[in-house]
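**Student:** Once you've looked at the hints, dock chain Z against the given chain S.
Residue numbers (our numbering), protein chains in the order written: chain S, 1 to 162; chain Z, 1001 to 1423.
Hints are supplied without guarantee of correctness; some may be wrong.
[Stated by the list, open to error] Covered stretches of chain Z, going by a simulated chain S footprint (3 or more residues, C-beta under 8 Å):
id : segment
1  : 1069 to 1075
2  : 1095 to 1102
3  : 1160 to 1172
4  : 1316 to 1328
5  : 1398 to 1406
[Stated by the list, open to error] Distance condition first, Cα-Cα at most 27 Å in a straight line; then the derived DSSO-like pairs of lysine-lysine:
id : chain 1 : residue 1 : chain 2 : residue 2
6  : Z       : Lys-1168  : Z       : Lys-1309
7  : Z       : Lys-1308  : Z       : Lys-1213
8  : S       : Lys-97    : S       : Lys-151
9  : Z       : Lys-1378  : Z       : Lys-1116
10 : Z       : Lys-1116  : Z       : Lys-1400
11 : Z       : Lys-1322  : S       : Lys-81
12 : Z       : Lys-1301  : Z       : Lys-1086
13 : S       : Lys-81    : Z       : Lys-1263
14 : Z       : Lys-1385  : S       : Lys-81
15 : Z       : Lys-1168  : S       : Lys-81
16 : Z       : Lys-1168  : Z       : Lys-1213
Treat the hints as calculated values from the structure; they're not laboratory data. Glycine included, C-beta positions come from ideal geometry on N, C-alpha and C.
Each chain, written out:
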Amino acid sequence: MGVVSSKLGNLGVVTTTLDQVFNWGRNGAMWPLLFGLACCAIEMMATQASDYDMSRFGMELNRASPRQSDLMIVAGRVTRKMAPVVRQLYDQMPYPKYVVSMGDCASCSGVYNNYALVQGVDEIVPVDVYVAGCPPRPEQLIHGIMTLHEKVRGESIRNWAS
Amino acid sequence: MTLMTPDKSQENQQPTQWEGSLEELKGLVSERAFTGETMLLNMGPHHPSTHGVLRVLLELDGEEIINLLPDVGFLHTGIEKNIEHKQYEKGVTLTDRMDYLAPMNNNFSFCLAIEKLVDLDVPERAQIMRVICLELTRINSHLVWLGTHALDMGAMSVFLYAFIQREKILRMFEMISGQRLMTSYMRPGGVWRDFTDEFYTALDSFLSVFPSKVDEFQRLLTNNPLWIDRTQGIGIIEPETALAWGVSGPSLRGSGVNWDLRKAMPYSGYEQYEFTVPLGEHGDVYDRFYIRILEMYESVKIIQQALKKLPRKGPFRSENRKFVPPPRAELGRSMEAVIHHFKLWTEGFSAPDDEVYVAVESPRGELSVYLHGTGGTKPRRVHFKTPSFMHIAAMPVMSKGHFIADLVAIIGSIDIVLGDCDR
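Next up, chain S with everything else stripped away, as it sits in the complex:
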């Protein structure tokens, strides 16, 4: 014992549950899909850029391919022409996957109750967190993401199969 601790220092022991390790890993590196639709995408870019710096939450890496991403931030209005594409992108993402509906247009189509828009993206994909605002401030988006992290922290790997 004495030899090992003098060579390696006091390593200490951490006991935890498998759930917590998994959720810690997922929260620490939740890669969003590089997917912008309209105005909110500009605020999403601002959130990732210098001033707000989303890399503090391990999210600086936007993947352009849905195969490599865990989180889809639907940033902007979803038109009827775009809806099949959004659904296909969601289907291509591997489990476990999450959706944040950013802004009023994505959540409930906002001020546009008309022929062109899907009235809320939750008609085509399941949404985990809704972020209100037109467009939401970067702080609001960060709050939405922290809320999602909270949700992920409460998940259990026993429920994966369902």
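**Tutor:** Relative to chain S, chain Z alone:
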């Protein structure tokens, strides 16, 4: 123990069949595409370099683009139709969301059309305030363009530097309008509120440092051999072709055509400011890039001149109470003010059954509004002729014969916003 055999069910799975017919593309792509000699490739609507949701169908010979068919409409929101059943002043909020990088310009063009339709005066001071906001928006839009254009070509740091400056402008917008992006600050007859004191302070400090920051961006890109290799001689469009396709703004001036609406058909008192219109020579991606860089310096000059002329106190909106609601303080004193306030916020003002057309120089190019009144409080038809739509139409001309990697540069250089294109 089981043998590791390849999964037969996966192997036999057919790829998803395309549910269209090639017949639809007859005449749009060359005959070689039908024999399989050239390849048809779909790019977008989800693609990091299409600046939103543009889809293009490419016909490729190796990596060379033979044909390019843009497909727009993935962001069609029906804004024009929505404005038709809103009162004139309420329509302003919807115009923000068209070209979301330059909301003030959209507000302004729509307000200009309303003012022309109902013959409403705008105080001199409000016109100067509008010019300051318009030029700030131009810088704001050019900064996003610079960041994303450089990001598309692999220069990540420019994006981060550009967004530091952009945040300063957004904070200033928040000081005067209460919103970062969707300002709705311009209203028929002037602007919504007066500039606040903190806005003047923030603007002064911004203007004193911003030109040196543009120098910094230039040091990163302008003489960068990699940047020059990727941009010079790419996406050339001749002046005559550009005019024929309706290209406008910096993309047209990159080809050397001296056409800037601020000089050619001045509005909001632009004739009183001294600024130069930067012109390119070759009409390639590099020239279009360099012109936008120079335009940022010119915008700073215009704002500085406007600040000198702007009195700190004075009217910021028209006094014509048939169109402009009275200030809140008057409501307690004057019965007439209460009546005007009630009429304007319940019914709105009426505009004659007449049509107007106005055009302004947005950061992207010529943004024009066609507005037709009914005699009532809502318009019969609103139509926006937007620069992005024209530029996307001209994309095939610019990109034929280039590689796919160059197409990314070309899309960045014409500075398209799909919200502006599809509306």
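**Student:** Hint by hint, say whether it matches the structure.
**Tutor:** Evaluated hints:
{"no.": "1", "hint": "1069 to 1075", "verdict": "holds (count 3)"}
{"no.": "2", "hint": "1095 to 1102", "verdict": "holds (count 3)"}
{"no.": "3", "hint": "1160 to 1172", "verdict": "holds (count 7)"}
{"no.": "4", "hint": "1316 to 1328", "verdict": "violated (count 0)"}
{"no.": "5", "hint": "1398 to 1406", "verdict": "violated (count 0)"}
{"no.": "6", "hint": "Z:Lys-1168 x Z:Lys-1309", "verdict": "23 Å, holds"}
{"no.": "7", "hint": "Z:Lys-1308 x Z:Lys-1213", "verdict": "23 Å, holds"}
{"no.": "8", "hint": "S:Lys-97 x S:Lys-151", "verdict": "12 Å, holds"}
{"no.": "9", "hint": "Z:Lys-1378 x Z:Lys-1116", "verdict": "15 Å, holds"}
{"no.": "10", "hint": "Z:Lys-1116 x Z:Lys-1400", "verdict": "42 Å, violated"}
{"no.": "11", "hint": "Z:Lys-1322 x S:Lys-81", "verdict": "42 Å, violated"}
{"no.": "12", "hint": "Z:Lys-1301 x Z:Lys-1086", "verdict": "38 Å, violated"}
{"no.": "13", "hint": "S:Lys-81 x Z:Lys-1263", "verdict": "40 Å, violated"}
{"no.": "14", "hint": "Z:Lys-1385 x S:Lys-81", "verdict": "22 Å, holds"}
{"no.": "15", "hint": "Z:Lys-1168 x S:Lys-81", "verdict": "36 Å, violated"}
{"no.": "16", "hint": "Z:Lys-1168 x Z:Lys-1213", "verdict": "12 Å, holds"}
The structure shown violates the earlier hints numbered 4, 5, 10, 11, 12, 13, 15.
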